[in-house]
Amino acid sequence: MSAATAPVETRRARAADLLGSATQRNAWILGLLGFLALLLVFTKLIQPRYGVTGVQGLAISVLPLALAAAAQAVVVISGGIDLSIGSMMALINVVAAVLMKGQSEEFGVAVVLGTLLLGLVLGAVNGSLVVLTRVPDIVVTLAMSFVWAGCALLVLPTPGGGSAKWLTALVTGSLGNEWIPKAAVVLVIIVALVWIPVRRSRQGLSIYAIGSNRLAALRSGVSVGRSRILAYVLTGLFAAFAGLSLTASTGIGTPVPGPYSLMSVAAVVLGGVSLAGGLGGVFGPIVAVVILQLIRTDMTFLNVNTNLATVVQGLILIGVVMVGSLIQIRRARS
Amino acid sequence: MSGVASAPGTRSSGLTAAALRGLFRDRPIVPLLILLAVLVVLSELVRPGIVSPDWIAVELRAAVPLAILAGCQTLTMLTGGIDLSVGAVASMAGFVVATLVSGPGTPTGIVVALVAAALAGLVTGIGVGVFRVHPLIMTLGMSLVVLGLANVWQLQMVQTNSGVPPELRWLGSQLVLGILPVSLLVFVPLAAVILLGLRRAGYGRLLYAVGDNPIAARLSGARAWQVLIVLYVISALMAAVAGFLISGLTNVASVSLVDTSVLPSVAAAVIGGTSIMGGRGGFGGTIVGALILTVVSSLLSSLGYPEAVRQVLFGSIIVAVAAAYTRVTSES
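Chains as they are written, first to last, in my numbering: chain A, 1138 to 1471; chain B, 2 to 333.
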């Protein structure tokens, strides 16, 4: 044992420690990914023909809810909740569809940028109302879900409108390798471009801080109100992407909000984000959405009644949350 | 300087503001009744002659099921919870009765529906009370389960001819003497029990205690989990009753009939002054809240506004009223 080996060993121990804590921190996501892998193997076993088209269909059908889950995740991490995501998506969806119908492809680019900006504004309105009125966020966003859905109906009373060709092409088909659906690439790019810079910034840290302990965050100099509004603005941005993905994948605008607000809450919880705030990320909820959709697909392969699939989805949601809170209760006791 | 000069003025206006605030805080039902009266007068001004015994009866008939659903929200919100499964449970109840009419008969159907609702409520209550799942998530998951099972039931029952039984149609839509809805027969006793129960009964006080300060409630010997299990069973049973009335009123039985009333039911409770954080509120305000929402929505439709405008105004009213409550209760 020379003196030189000691630091190496401690370094190794520290590396193992880091690895250990990283696994612990990401245990939930690793578990989800493992489950997803098992589910894919299972799908292949029960339906040997499940392949390229299956994966592409999965990616497209998952895209709107995955983005909605990302939107919900941001605001839940900040200790809030947003029940107006589905309505915001409907509004963005119809605004984009109405503006794009019969217009040039170049104009479509402007529309996409404009609707993303609109998403930021919607989120800012939600966030400002929550902060300024001091009404519980669940009430404010519930009320705003009426407002945004009403606006969507005003913009477009019945389903219609159109989508720019490039926008539709952006989410259909595959990129390079046929196993890589474009929708999945788009999802990864959006999340990477929006979330990763935020996550690494001071602002991102403050979003986690206010979710974890608002008073402590305030005392350590975080501007709580501003950070809360920022979280809602990011949620609005993700909701705008989700709404655009509806326009892209359906080719029209539908003024009636889908079940995205509540389903995104479910996905966020399954994805390891604590409803109490401060914990989790955007990645877990997205994986959870993929899993939920794949379970639905599997059940159709197994000729299970699709309505039972809804039951199973509900049971999974309840079961996972129950187990999660049981673990928490146990931990609190020991 | 100007501050000194205007001091008497601000003081008197401060006094009245304080008095108003106190009124709003301690007796929220008074300003709500005033708002309701204003809305009724507004309806009359907009469409002269519209306010008649008939109109009142129709408004009451529409408000009763909403008030019952809002009652579910009020009771659960008092404990700091919420019940988003009322829509699925209510639809399921109305639907089950309709499918069992031709076979086992209406009374059996009603019993089956109530038992099914109670089971759903029991599971929800166990989840919230024992496993401490967030009520939002628990009731959301439960509504998926109930909706799915109701759909499966629908496929089983697709062969038999079904329909809303005449008894429920009578209960939900008939008017006695042209002015009193029959549904008041259900609603008045139910409302009396809830109003008295929340004030006088030990269980009613426990709801406030658990919602206001769970730790204090536990230290003083309340078993929160028992309170919560009973609460969610009661809530599901009330939702089932509302489902009977709504399917009778609309003469429709479908598994998603009541879904559109879930958010308005939360809105009615919030407008009625029940805090979603728990411990504050009551059923009286909720009834007035349901009436206000019903009158607003019929006022807007009589003005010929499309559904869209109605929704936007609906949402804005909720935010405004909730903000007013928060202001008066937190500045005291």
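Quick caveat, the hints were computed from the structure, so don't treat them as lab data.
Errors might be hidden in some of the hints.
Said to hold, decoys possible - Stretches of chain A that chain B covers, calculated by requiring three or more beta carbons in the stretch to come under 8 Å of a beta carbon on chain B:
1) 1229-1238
2) 1266-1274
3) 1358-1369
4) 1403-1414
Claimed, not checked - Covered by chain A, per the in silico footprint, the following chain B stretches (three or more residues, Cβ under 8 Å):
5) 129-136
6) 219-231
7) 306-312
As the list claims (entries may be wrong) - Label-pair distances were calculated between CB atoms; the ranges are:
8) T261(B) with S1360(A): 52 to 60 Å
9) N214(B) with G1362(A): 25 to 33 Å
10) L1452(A) with N214(B): 55 to 63 Å
11) G164(B) with P1294(A): 25 to 33 Å
12) Y306(B) with G1362(A): 30 to 38 Å
13) I216(B) with R1356(A): 50 to 58 Å
14) I180(B) with V1258(A): 45 to 53 Å
Using N, Cα and C, we set each Cβ at its ideal position, and we do this for glycine too.
Hints, one by one, checked against the model:
| no. | hint | verdict |
| --- | --- | --- |
| 1 | 1229-1238 | violated (count 0) |
| 2 | 1266-1274 | holds (count 5) |
| 3 | 1358-1369 | violated (count 0) |
| 4 | 1403-1414 | holds (count 3) |
| 5 | 129-136 | holds (count 4) |
| 6 | 219-231 | violated (count 0) |
| 7 | 306-312 | holds (count 6) |
| 8 | T261(B) with S1360(A): 52 to 60 Å | violated, 39 Å |
| 9 | N214(B) with G1362(A): 25 to 33 Å | holds, 27 Å |
| 10 | L1452(A) with N214(B): 55 to 63 Å | violated, 33 Å |
| 11 | G164(B) with P1294(A): 25 to 33 Å | holds, 32 Å |
| 12 | Y306(B) with G1362(A): 30 to 38 Å | holds, 35 Å |
| 13 | I216(B) with R1356(A): 50 to 58 Å | violated, 23 Å |
| 14 | I180(B) with V1258(A): 45 to 53 Å | holds, 49 Å |
The structure fails to meet hints 1, 3, 6, 8, 10 and 13 from the earlier list, while all remaining hints are met.
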